[in-house]
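S.K.: Chain residues, written in single-letter form:
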Amino acid sequence: MELLALQHYLVVGAILFGLGLIGFMTRRNLIVMFLCTELMFQGVAINLIAFSRYWADFRGQTFTIMLLVIAAAEASLALGMVVLLFRQKGTLDAEAWRELRG
Amino acid sequence: MGSELLISLNTLMAITLPAATPGTVMHPLLVLVLCLAAGIGTVLTLPGKRETSWAKIGGVIALATGVIFAALLAHHLADVGRGGMGPYFWIFSFLAVFGAFRVVTHRRPVYSALYFVLTVMASAGLFVLLWAEFMAAALVVIYAGAILVTYVFVIMLASQAQTPAPGGKSNMGSLSAVTDYDTVSRDPLVASLIGFALMGMLLFVILDQSAGAIPPTVTPPKITDHYDSSVQELGRYLMTDQLVNLELAGLILTIAMMGAIIISRRRIVSTESGPVLLETEQAEVIAAMGIEQTGGSDPDSIPVYGTDNAAVKAYPER
Numbered sequence: 041m042e043l044l045a046l047q048h049y050l051v052v053g054a055i056l057f058g059l060g061l062i063g064f065m066t067r068r069n070l071i072v073m074f075l076c077t078e079l080m081f082q083g084v085a086i087n088l089i090a091f092s093r094y095w096a097d098f099r100g101q102t103f104t105i106m107l108l109v110i111a112a113a114e115a116s117l118a119l120g121m122v123v124l125l126f127r128q129k130g131t132l133d134a135e136a137w138r139e140l141r142g
Numbered sequence: 038m039g040s041e042l043l044i045s046l047n048t049l050m051a052i053t054l055p056a057a058t059p060g061t062v063m064h065p066l067l068v069l070v071l072c073l074a075a076g077i078g079t080v081l082t083l084p085g086k087r088e089t090s091w092a093k094i095g096g097v098i099a100l101a102t103g104v105i106f107a108a109l110l111a112h113h114l115a116d117v118g119r120g121g122m123g124p125y126f127w128i129f130s131f132l133a134v135f136g137a138f139r140v141v142t143h144r145r146p147v148y149s150a151l152y153f154v155l156t157v158m159a160s161a162g163l164f165v166l167l168w169a170e171f172m173a174a175a176l177v178v179i180y181a182g183a184i185l186v187t188y189v190f191v192i193m194l195a196s197q198a199q200t201p202a203p204g205g206k207s208n209m210g211s212l213s214a215v216t217d218y219d220t221v222s223r224d225p226l227v228a229s230l231i232g233f234a235l236m237g238m239l240l241f242v243i244l245d246q247s248a249g250a251i252p253p254t255v256t257p258p259k260i261t262d263h264y265d266s267s268v269q270e271l272g273r274y275l276m277t278d279q280l281v282n283l284e285l286a287g288l289i290l291t292i293a294m295m296g297a298i299i300i301s302r303r304r305i306v307s308t309e310s311g312p313v314l315l316e317t318e319q320a321e322v323i324a325a326m327g328i329e330q331t332g333g334s335d336p337d338s339i340p341v342y343g344t345d346n347a348a349v350k351a352y353p354e355r
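Chains W and A are the protein sequences, given in the same order.
Taking the working numbering as reference, the numbering of the first sequence is continuous, increasing by one, and the terminal residue is 142.
Taking the working numbering as reference, the numbering of the second sequence is continuous, increasing by one, and the terminal residue is 355.
Everything labelled a hint here was simulated from the structure, so no lab data went into it.
Hints should not be assumed to be uniformly reliable.
As the list claims (entries may be wrong) - Residues of chain A placed beyond 10 Å of chain W at every Cβ, according to the derived structure:
no., residue
1, LEU66
2, ALA74
3, ILE77
4, LYS86
5, ARG87
6, GLY96
7, LEU100
8, ALA108
9, HIS112
10, PHE126
11, ALA175
12, GLN279
Said to hold, decoys possible - If the Cβ cut is set under 7 Å, some of the chain A residues that face chain W in the computed set are:
no., residue
13, SER130
14, ALA137
15, VAL140
16, VAL141
17, ARG145
18, ILE184
19, ASP219
20, LEU235
21, MET236
22, ALA297
A virtual CB, placed ideally from N, CA and C, is assigned to each residue, including glycine.
Given these sequences and hints, build the entire structure.
M.R.: Pasting the structure below:
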């Protein structure tokens, strides 16, 4: 059983990461911005699992478990903050918080 | 115990992923041109004030670029990439990238979230191909199950409370309402330039085999016909070697849960008739009624439970 090369998976991870970065910079909806960070997490997770397979040990998968934990914590905190911000301004537009630029 | 574990790991993951043979380098100029084309397609597809036909053209350009890139990749890595898992890899990776593209470019947040579910499912499929069955299941349960439900819930909460602009085309309380900040993106050109520059650099480094891929130091023995599930091995590994990290993960989750509860709490005022939930729009009403507020936007004013002072009690006993 012949398998695919490591490079295939790294390419998919890189593409997901790049698309997530673009989305985080362009979209103005706070929720979609956080979805795009989750997309970047996905790209990193694919890389880690591919390396775990490549080196034939479980350290990469352990990293991925930690990544999932951090992603879940980030999602809960970020969504809590989004709800808070939404209650303050009544909109999800990131531009509504321009004054935080200083 | 340690050597036993190592042996079982080795027999389990006996076939490592082969690195591509050196000498088959995709030309950097080619990668650059493809990234440029994909960038133009993405800029056209990102929500903006232009007509929808341009978005369709941009989508076609991006799709064509992706197909060309995939074909080139398959061609250049053909000597290692023609195997039993091949078709599944291409299907799953196409779905993942397509879903990611739609997450970024779709104007409606609910659809973005649903396309993200597609991406999560596809990458779970990729994980199965990489013999990480537990991670695939965890990804589906945690991402598609828990995190995405929370996202969709918040999106629905927000779009239901959104008041439509007078004369706007958004209809009241509907999930299909498109708001202004979703239809106009912020600096699509600059962001796509930066994003695709980064992506191009990454792809170039990944596909540049002249630098020499690092061979795995593990030289696993030939795989035997005995193949246990990798879930079992992963569980053993986590519970023996990574126990502290596992407990740390639980601690992080607990702290995050407490933080989320404290951040998104509602303000509650105590009256003679009982506790009253203070909505933002009710603030003036409450102030006009002359009721003393116990909680404000001040973080120090989190209601303290179990105190004798009635003024700071959120839920005073009747």
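S.K.: Confirm or reject each hint.
M.R.: We went through each hint and held it up to the structure:
| no. | hint | verdict |
| --- | --- | --- |
| 1 | LEU66 | holds (17 Å) |
| 2 | ALA74 | holds (14 Å) |
| 3 | ILE77 | holds (13 Å) |
| 4 | LYS86 | holds (13 Å) |
| 5 | ARG87 | holds (14 Å) |
| 6 | GLY96 | holds (13 Å) |
| 7 | LEU100 | holds (13 Å) |
| 8 | ALA108 | holds (13 Å) |
| 9 | HIS112 | holds (13 Å) |
| 10 | PHE126 | violated (5 Å) |
| 11 | ALA175 | violated (6 Å) |
| 12 | GLN279 | violated (5 Å) |
| 13 | SER130 | holds (5 Å) |
| 14 | ALA137 | holds (4 Å) |
| 15 | VAL140 | holds (6 Å) |
| 16 | VAL141 | holds (4 Å) |
| 17 | ARG145 | violated (9 Å) |
| 18 | ILE184 | holds (5 Å) |
| 19 | ASP219 | holds (5 Å) |
| 20 | LEU235 | holds (6 Å) |
| 21 | MET236 | holds (3 Å) |
| 22 | ALA297 | holds (4 Å) |
When the structure is compared with the earlier hints, violations turn up for hints 10, 11, 12 and 17 and for no others.
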